[in-house]
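Asks: Protein chains in written order, with our numbering: chain H, 107 to 325; chain R, 5 to 270.
Worth double-checking, as some hints may not be accurate.
[Said to hold, decoys possible] So the derived list for chain H, only partly shown, Cβ under 7 Å to chain R, looks like this:
hint, residue
1, PRO141
2, ALA194
3, THR196
4, GLN238
[As the list claims (entries may be wrong)] Under the rule of at most 25 Å between Cα atoms (straight-line distance), these lysine-lysine pairs were calculated in the DSS-like manner:
hint, chain 1, residue 1, chain 2, residue 2
5, R, LYS240, R, LYS146
6, R, LYS146, H, LYS223
7, H, LYS241, R, LYS119
[Claimed, not checked] Covered stretches of chain H (in silico footprint by chain R; criterion: 3 or more residues with CB under 8 Å from a CB of chain R, positions within the stretch not fixed):
hint, segment
8, 177-184
9, 227-235
To be clear, the hints were calculated from the coordinates, so they are not data collected in a lab. For clarity, every value in this text was computed on a predicted model and none was experimentally measured. A virtual CB, placed ideally from N, CA and C, is assigned to each residue, including glycine.
Chain by chain, the residues:
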Amino acid sequence: MNLDWTIVWQHRWDLAQGAGLTVLLTVLTMLAAVPAGMVLALMRLSRSRILSTASLWFVEFFRNLPLILVVYWAFYVMPVFLHIEFSAFTTGLIALCLNVSAYNAETFRAGINSIRKGQMEAAIAVGMSRWQAMKQIIIPQAWRRVLPVLASTWVSLFKDTSLVSVIAVGELAHVALQIRSSSFRVLEMLTAMAVIYWLMGYPQAKLADWVHKRFEVKE
Amino acid sequence: MNSDNMATRTASHSERRGAHLPPVVVYDNVRKLYGEFVAIDGVSVQVNKGEVMCLIGPSGSGKSTLLRCTNALETVDGGRVLFDGVPLPTDETNARKVRRRMGMVFQNFELFPHKSALDNVAIGPLTVLGISETEARARAMKLLEKVGLADKAGNFPSGLSGGQQQRVAIARALAMEPEVMLFDEPTSALDPETIGEVLNVMKRLAEEGMTMMVVTHEMAFARRVANWVVVFDHGKVVEQGPPGQIFENPTAERTRDFLGHLGWNG
Numbered sequence: 107m108n109l110d111w112t113i114v115w116q117h118r119w120d121l122a123q124g125a126g127l128t129v130l131l132t133v134l135t136m137l138a139a140v141p142a143g144m145v146l147a148l149m150r151l152s153r154s155r156i157l158s159t160a161s162l163w164f165v166e167f168f169r170n171l172p173l174i175l176v177v178y179w180a181f182y183v184m185p186v187f188l189h190i191e192f193s194a195f196t197t198g199l200i201a202l203c204l205n206v207s208a209y210n211a212e213t214f215r216a217g218i219n220s221i222r223k224g225q226m227e228a229a230i231a232v233g234m235s236r237w238q239a240m241k242q243i244i245i246p247q248a249w250r251r252v253l254p255v256l257a258s259t260w261v262s263l264f265k266d267t268s269l270v271s272v273i274a275v276g277e278l279a280h281v282a283l284q285i286r287s288s289s290f291r292v293l294e295m296l297t298a299m300a301v302i303y304w305l306m307g308y309p310q311a312k313l314a315d316w317v318h319k320r321f322e323v324k325e
Numbered sequence: 005m006n007s008d009n010m011a012t013r014t015a016s017h018s019e020r021r022g023a024h025l026p027p028v029v030v031y032d033n034v035r036k037l038y039g040e041f042v043a044i045d046g047v048s049v050q051v052n053k054g055e056v057m058c059l060i061g062p063s064g065s066g067k068s069t070l071l072r073c074t075n076a077l078e079t080v081d082g083g084r085v086l087f088d089g090v091p092l093p094t095d096e097t098n099a100r101k102v103r104r105r106m107g108m109v110f111q112n113f114e115l116f117p118h119k120s121a122l123d124n125v126a127i128g129p130l131t132v133l134g135i136s137e138t139e140a141r142a143r144a145m146k147l148l149e150k151v152g153l154a155d156k157a158g159n160f161p162s163g164l165s166g167g168q169q170q171r172v173a174i175a176r177a178l179a180m181e182p183e184v185m186l187f188d189e190p191t192s193a194l195d196p197e198t199i200g201e202v203l204n205v206m207k208r209l210a211e212e213g214m215t216m217m218v219v220t221h222e223m224a225f226a227r228r229v230a231n232w233v234v235v236f237d238h239g240k241v242v243e244q245g246p247p248g249q250i251f252e253n254p255t256a257e258r259t260r261d262f263l264g265h266l267g268w269n270g
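Bound conformation, chain R alone (with noise of 0.2 Å):
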């Protein structure tokens, strides 16, 4: 191995990406509670721009929980959120200008069934941002041809597979043109075999260099295109760091005992 090759391996295991830009995301300290129950207990994290991050654990960790305080749809208890450096707002109508910076893909897709796959993808800029239906059109058509759907535009959700709902709603999220995506276990509802459009899709993404948090079981996944890695176990980041380091060499135990019930030896 040659001395460049060194410097540049150091170089991307030592400076996180988009160290030197300011924080998308910061949580600090965020806490939260259903009733007794504490989902989150005091994370500390921060999302870099151009960064993906993925955040894995085992289910009920509270790693789907913090995606949905990202974008409000949760409140914390305890802590703060900050988005592009100033806190969450709490109310309303200020929640909802942060949202429309932010594209959420859920487990369940949650498209709306009742309309067109490229209704579905309009839908967002047509209501919120107020744009005229031929412009929200077209730039769904866009979308829709970005995730390798546009011959489906027409089709309603009932009549396309898991995975290419799963595309349209990655579409849809888009057609906001957001700062920072947020995906909820996009694939853990999906048959193995549409896993993969639905993960290259996603991999396209973080290529053109959008911000992605991503909650995910899918470890190959995280290993190959995430740049940060987060570890939770109830409710507490375990251990985060670049993917070689939370695959290959593990600091903390509970992370080895997790990856190792994954099948997973590095």
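Next comes chain H alone, as it looks inside the complex (with noise of 0.2 Å):
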């Protein structure tokens, strides 16, 4: 079998601004899915029947779906029944926020719910109100608790941002497809895609098992 590795320098541009792009989208994704997914878990903790049921079909909903279901979705259906068009990167940006929001949500509402009762009767105690009692002493200690589970999402969520590529966002999966059927360059166009791919992933794997030790709940 003949190999052509300098297909991957070749196009060592294209992949390098494809691999930015899934950097901006995992990032971009976070950033819009940690303020959202709080926001759900607040609702849905809330005492208030609506916010709290409107708060569980949002997260039983879009966890339910497979990603890429939501994807092809917010690109084909979302345009025709919502009459919303928009650019192929926000498409898949606010498909990758659905889904990230509604696993966030719940790892909020599992970090807020592992805080003993006795910390918010404390707060109370002294006067504060149930609003002020989440924002000064339980959301602080739940975030410490859940900044481990958010490491280990991004990093998931870093690979998932691949799947956008199947509405054409020029981000590091859909760079690599495109390169192999132009050239037919499949084996080396894939290998050189799983090795981007794993040198990205690994550092920031590593990263959240640091984040796992530093910031394991000692009482």
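Each chain sits in its own coordinate frame; assemble them with the hints.
Replies: This is the structure in structure tokens:
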């Protein structure tokens, strides 16, 4: 078999650009999905039936749909039914945000619920409102507990961004697959793609491990 | 024994502390249910100003529940709780205003683990009273001095012994300048050697005239510091009176039985 690895080098700038977009997608998704997840979690835990149910439905809907389906739906169905049309990048970003927000909501909810009931009571006993207690006492503690989980979500998300390649967002997977189909260098490009993802993903996974250790809860 | 002495003794027995002042807390036929279980079954008790009231009795007899009904952490299912002559509000906003005037100390301290000892004490006034950070911290420092922990101000709860944590918790409750302090088994989670330091702080507080309700299994404390002792069993008040009467001359069979089980024979 004759392999031609120069194809990778030839397209190094395209690949770099794709990798940059992958990172950008990951960062933007997390930037939106962390606050959104927090809001969803607080809605879910609120005393309002309406807010709680709305959050529950949102989370259960997007958590149980395959991400790739949400991506397709956002791209093909949303414009038709809702008459909203965005660029492929924005569409992909929205799909990722919907999915990751749902996961983050569950993470925050679990984190908040893991704080002893007595902490809320102690805060209320000094005269705080439930919201003040949440803000001052419960969320800061829950935050520390969920950081490791958020780090894991980050690492998963980094790889899952490849799914938006199906709607031609020019991130790493899409760029690599495009080069593959135009040059027929399947083995080289798939290998290069794997190496690039791995080299970028591994340090993030290590960083996540470090966050796990660093923020381990000690009482 | 001279007659003078006799007179004071009689007075202290017959006249309850703060009897001439309006009571701070009044429980009027209070009932509390957990499903089918009757936690408090028609309790009527009053707490006078400047009085140290100890609630004693077996576990699960309703003492802690009554305390938690006092600052509306639990709602009552029957009867009324009056604070300063006014029934406890049932809505959150007004309940919060009442809670500010009461301090509570929990069995498991419940210090905020992400805040230093100083910030634990300062957070109440800072968040609730909206005073400045400098003022809140100065107030907190004074209170830590009062409980003998000024040198631990920067420590986090995880770096304090159980006794120290509970003293910080007392300071935290005092920071709101409460009119009554509620102690829910404050020494039950402590190592024996640190119980004394907490009881001493409480004793000093009592001597300063703080109105205190103390749910406790520390009979020596109840005997020496309390002005009034209430004995609970199965959600009911079995007997109440000055400690001398309860510990030396209990009238109810159940009180004798309970004290007997503690190895206390008067």
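Asks: Of the numbered hints stated previously, which ones are contradicted by the structure, given in increasing order?
Replies: When the structure is compared with the hints, numbers 1, 2, 3, 5, 6 and 8 turn out to be violated.
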